[in-house]
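Peer 1: Each chain, written out:
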Amino acid sequence: MMLVWLILIPLLGGLLAWPAARLRAAAARWVSLIAMALDLLVLLLVWLRHAGPIEITGGGRWIAMFDAPWIPQLGISLRLGLDGLSLLLILLTIGLGFVSVVISWTEIGERVGAFHFNLLWTIAGTIGVFLALDLFLFFFAWEIMLVPMYFLIALWGHENRIYAAIKFFLFTQGSGLLMLLAILALVFVHQRTTGTLTFDYFRLLGTRMSPSTEMWIMLGFFIAFIVKLPAVPFHTWLPDAHTEAPTAGSVILAGIMLKTGAYGLLRFVVPLFPLAAIRFAPIAMLLGVIGIIYGALLAFGQNDLKRLVAYSSVSHLGFVLLGVFAWNALALQGAVMQMLAHGVSTGALFIMVGALQERLHTRDMRLMGGLWANMPKLSAIGMFFAIASLGLPGLGNFIGEFLILIGTFRVYPAFAVVGTLGVIAAAAYALILVQRAFHGPPRDAVAAPDLRARHLAVMAALTVAIVYLGVYPQPVFDMASGGLANLQTATHGVLKLAEGDPR
Amino acid sequence: MNATFYLSAAIAVLSTVLVITRANGVHALLYLVVSLLAVALVFFTLGAPFAAALEVIVYAGAIMVLFVFVVMMMNLGDAAAVREARWMEPKIWVGPSILAILLTAQLAYMLDSNTMSQPHHAIVPARAVGIAMYGPYLLCVELASMLLLAALVGAYRLAHTEHGRL
Amino acid sequence: MIHDLWLVPAFPLLGAAILMISAGRLPSRAVALVGVVPVAVSAIVSAIIGIGFMAAPPSGHAFTEILWRWIAIGGFRPAVGLYLDPLSLVMMLVVTIVGFLILLYSTEFMAGDEGYSRFFAYMNLFVSAMLVLLLASNLLFLYVGWEGVGLCSYLLIGFWYQDAANGLAARKAFIVTRIGDTGLMIGLFVLFTHLGTLDIQPLLHRAASVWPHGSAIASLATALLLIGALGKSAQIPLQTWLPDAMAGPTPVSALIHAATMVTAGVYLIARMHGLYMLAPAIQMTVAAIGAATLFVAAFAALNQHDIKRILAYSTVSQIGYMFLALGVGAWTAAIFHFMAHAFFKALLFLAAGAITMRLEHHEHDIFRMGGLAKKLPVAFWSFLIGSASLAALPLVTAGFYSKEMILSETWAHGGAVPILWAAGLVTAFVTALYIFRAVFIVFFGEAKTPIVGRYGIRIVLPLAVLSVLAVIGGFVETPNGLGGVTIFSRFMGSVFGPAPLAAGATETALLVFASLVSLSGVGLAWLLYMRPAPRFAAWTQTPSVVAWRAFFLSGWGFDVVYDRLVVRPFLYVVRINRHDAIDDVYTGIAEASRGLHRLLKLTQTGRIRWYAGWLAAGSILTIAVAVIR
Amino acid sequence: MTTIPLDHVLILPVLLFALGVIGVLVRRNLVFILMSIEIMLNAAGLMFIIAGARWGQPDGQVMFLLVLTLAAAEVSVGLALIIRIRHRLTTLDSDAADLLQG
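Line order of the protein sequences matches chains A, B, C and D.
For the first sequence, the UniProt record's numbering begins at 1 and goes up steadily by one.
For the second sequence, the UniProt record's numbering begins at 1 and goes up steadily by one.
For the third sequence, the UniProt record's numbering begins at 1 and goes up steadily by one.
For the fourth sequence, the UniProt record's numbering begins at 1 and goes up steadily by one.
Hints were generated in silico from the structure; no laboratory data involved.
This one's a predicted model, so the numbers in the text were calculated from it and none came from an experiment.
Heads up, some of the hints might be wrong.
The calculated label-pair distances, taken between Cβ atoms and stated as ranges, are [unchecked claim]:
| id | chain 1 | residue 1 | chain 2 | residue 2 | range |
| --- | --- | --- | --- | --- | --- |
| 1 | C | W614 | A | R22 | 52 to 58 Å |
| 2 | C | Y562 | A | Y163 | 37 to 43 Å |
| 3 | D | H8 | B | G154 | 37 to 43 Å |
Some chain B residues near chain D, calculated using beta-carbon distances under 8 Å [unchecked claim]:
| id | residue |
| --- | --- |
| 4 | L32 |
| 5 | V34 |
| 6 | L46 |
| 7 | A53 |
| 8 | V56 |
| 9 | A79 |
| 10 | V82 |
| 11 | A85 |
| 12 | P90 |
| 13 | A100 |
| 14 | L103 |
| 15 | T104 |
| 16 | A122 |
Built from N, CA and C at the ideal position, the CB exists for glycine as well.
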């Protein structure tokens, strides 16, 4: 039941925040903050007070599990499960949820209640995605997550917001449709072979089907998730959406929502279709590598600070795609680490851009330069996260990238080598960001106040997080290994059959 | 009886041709009335006297009168007739005529291919029609009444003038 | 005490953290204190550890300390651990002591700079990262230090950020070295994939037992590590960043771009020398690259105007000597030369800084100096001592002994075609020529730029200490003909094995020959630049000589080639694809549907007859289908 | 009763209907269009009558009655619209009433 509360608290918080804003704008903010705090509390309670893992036949060990009938006629149930992987991602979600509420404190001044409603519902949807173990419920949560996000961009975004919001919506909705079709196909194939109609994840694991069917259904899921990830060539919604979204929207979008794509690949694509995934792995990894290089090249060419960060996300998540399809312990742990570190570092960069936009009313780097002289704190923090983003050892992103690459190297050395070259391109775009925004001769026009305490506190927390991930990541690995073991047990037997696989 | 049918059929077709070619509205209407009366006669020859009567009363009588009123109210004078004539330039007839010929040809083809048995023509009296109407077709009658009511309200609302504001 | 090894990198890190968190709010005296004291403490701790190590060596002459488990995933278990053996001990001592001296110097040199606190924060971070690099017991942890020093180098080259040119130089340094780092990283992948560990000592043992001598995989791994070393140590073909890196403050050049960081590549190869011995072809490549670099860079140095660029090319050239030594298996000689070089090159840079800080407008062009010997005696004497050591003047300089060791071992290794040795020898001559060219032009002749200010003790003391070290640093290891002291090579013996025995008579002959070469270089410099003959001046102006001088001045045109081959294509690709060609596909889809919409809109004429006509036509068509079927 | 071949009888509504179609498509005056529609409806009614006569059943006539009511309703609403359009556009030209143009 606690798992249900994890989703319900933000939902209820959102419902409460909307009318609360009629009293005072601050009330909505406090309600959201309290909802996030409660959610965190619930999560910690679930985690710390669980009595031993729950064993699922063929599905591994879970920290907590919830199951209740929903639409029994169609084999749909409210099945939620928490393992190490989902726990980490939910932790990231709640953490960045906190951050988004705090940084919107001054940025959002109109329709405050509705804003927090949408924010909390998006977060609730995301948590639902990370918990759902019923494919129908998963799809449901997936949609819940998208619609409020659309409104966040369309209502509180910047100059070109409607275009961006519609683009975001079309891409994600199109991919959602594809996923729905794939889910239905899988369910019906399962029904034809076993005679039971069910959307339950565990019962769908190991569904027997012909290789070509498996490939087609896998592709449906795969494309749905890599649109969200996003991987080249489905990434073009991301720069527009990021550029136009309000800061909190960007943080949620980059920090959390992109991870749902990666989570989907991890949780569904490979375990449900192991053979097809193995056969498809070279192409998927090729897309990942192309994404790494292509995103980095584009990031280098941007003038808009937010677009630069957005394209850097494409590059970073290319690593995740690479890691997922390498499918060994190192690469998977690396992918998880990369997700967390990217969430923190890119979130921080978006906050930095948001703070700049609030002060300078522009994101165009051609109008910046020499900000260090006026805003040393903001600049130092911005530079720190830019450097984190280029993968400096000792910070979280490096651990993720390194593990992914070393794991990939075992399986497909060529991809690992090309991916490593992406690290050079990362240096190019991260440093050009620093140069064009913070260094160079200062301009008189850009005199503006430095970061204030609220932002500094957020940034300090994120800094601590990214350093922790880089210096002492083992607890994260220990936590994730439970979840990853779940995924790997699902595929273990099948993968053994795949000949000559060096995993 | 056969002669009556052929004669009235010829009149119906001819007067209809005249309806669609007249430039003057009132003339066209009068030809239409002739056409309708001829069709009523055809009904009679086909053994449907009740329908023939209704055709005369409702169509030729009530509906056409409505038309006449409106046309007169519009006051379509000579100028309108001239314009109508101008609109009916020869080339405008080409497309519709082709369509109509195609339609006719298709129907003729169908009639030709389906060998119909010799008709069993009998007079269907008004009584039988009434029994059928208030028996199996009661719901249709009700619907028709609803339709008429709706048309009444609609026509009233549409044509209603509120002191110059229409 | 040896168990407190972790304190050595921890103190500077702490200093850096304090300075960063204080965000420039500390008064400058406190900054200076926080900036220097941690490194001083580190130096003292290192010295105590060093003495303890020498007095009572731990078993196996090595000490490993695991601080904490960093990552443990399956068989991949790199730890955050420190490893101390004579090699890392020597490097650690040099880094902390030279680092301390340079920081002390900086407290005065950088006084009044608006980024005073930032400077010391970065410098402390650098020292810490460098120590991590040296002490890491694990290649992944080493990589942390490796990239850490690269970052600090970037930050400090671009320290005066308001000048965009400095930013460009900083980025160039970072990206070029990162190209090398990528090679190193791939090298780590290869090593881990094939040997199953990244802990250096187990890795070396396993490699020796698993890989046969000269095996392809060993060559691959060492070649990849070599790429990393080339980037960091500014060797051909990745040397171009170092001369530009002189955009940073002079103490930075002294510490990072002369004494410590740039020798990280030397350290890496020395540390992994067990692997290189398995790959003779690659080891030969190291020697060849070293020889080529030292030769190329020396000629480039001969034609520079900027005093710091002369020293920068000199550094490239001297590291070339170290690579040459590594390539011929003279591990000890390489490290010995590293130590000597750290002393005399830091001294040269600090002396150069001491000159420029006293000149108006911080003049860097040697042709606008002149006659400074009288006016700046402190700078003159220290620069002279450094130059002598660099030029390897016989008997009294550290550079003489270390270079001598390299040349004699190269000769011993050289075999039939001693081309490597010849390159080393010719370069020794050019080295003496170019550095004394600078000495004579800067300190003699007539004064051209007025001088201002005066020196404090914090400038003089480091110069004095380094001057002493640049002289006596060589006495720990002397050739047989000159006393045959072997303290250094015996100390290093536990790492590199026993030093090879050089043939007595040949060695002495080589010694004399090399000494004469150095001296003749100085002599030629004296002839050309102290008593310039008119014919020489005329010769330098002939067109072909001017062209060659421009070619050497540009560092043999590497920058131009890279600009054409790499930078411009990259920028071109970025520029033409700035708006993301893939997005055009989606925009195209949107445009296509919009066009279709426009087309379909044409049918919506709003005319009843038009609609009716199509209705009729459609019906007729439908009926036709029904009829014909 | 009569001995007219059914084929001949059926030709009449077909011709009338086709003429109605021509009328609708050719005329621009709304009143004439409405008249042509009446012709078409009448032709349809005639078809029902013929079918009813063929089988000797009353259903055909019932249907004709329904068509009749439909025609009445259609004419009343149609004429009301024509009056309205005439007021609004001061013309009966159907091509002028193209406000639905895309």
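Peer 1: Does T104 (chain B) pass the interface hint, meaning its C-beta sits closer than 8 Å to a C-beta of chain D?
Peer 2: Holds. Min distance 5 Å.
Peer 1: Does the interface hint hold: is A79 (chain B) within less than 8 Å of chain D, judged Cβ to Cβ?
Peer 2: A79 (chain B) check fails; min Cβ-Cβ to chain D is 12 Å, beyond 8 Å.
Peer 1: Given a cut of 8 Å on the nearest C-beta pair, is the interface hint for A122 (chain B) held or broken against chain D?
Peer 2: The hint holds - A122 (chain B) has a Cβ within 8 Å of chain D, the shortest such distance being about 4 Å.
Peer 1: Would the stated hint for V34 (chain B) survive a check requiring a Cβ distance to chain D of less than 8 Å?
Peer 2: It is violated, given that the least Cβ distance between V34 (chain B) and chain D is near 12 Å, above 8 Å.
Peer 1: Mind checking the CB of P90 (chain B) against every CB in chain D and telling me if the closest is under 8 Å?
Peer 2: violated, 11 Å
Peer 1: Quick one: are Y562 (chain C) and Y163 (chain A) within 37 to 43 Å, going by C-beta?
Peer 2: Once the Cβ atoms are compared, 41 Å apart, the range 37 to 43 Å for Y163 (chain A) and Y562 (chain C) holds.
Peer 1: Was the hint right that L46 (chain B) lines chain D, CB cutoff 8 Å?
Peer 2: holds, 4 Å
Peer 1: Range hint 52 to 58 Å: satisfied by the CB atoms of W614 (chain C) and R22 (chain A)?
Peer 2: Given about 54 Å between the Cβ atoms, the range holds.
Peer 1: Regarding the hint that V82 (chain B) lies at the interface with chain D, is the smallest CB-CB distance below 8 Å?
Peer 2: violated, 12 Å
Peer 1: With a cut-off of 8 Å, does the beta carbon of A85 (chain B) approach a beta carbon of chain D closely enough for the hint to hold?
Peer 2: Constraint on A85 (chain B) not satisfied, violated at 11 Å.
Peer 1: Would the hint on A53 (chain B) stand, with a C-beta cut-off of 8 Å toward chain D?
Peer 2: violated, 11 Å
Peer 1: Given A100 (chain B) was flagged as interface, is its beta-carbon under 8 Å from a beta-carbon of chain D?
Peer 2: Nearest chain D Cβ about 4 Å off; hint holds.
In this structure, the earlier hints numbered 5, 7, 8, 9, 10, 11 and 12 are contradicted, and the remaining ones agree with it.
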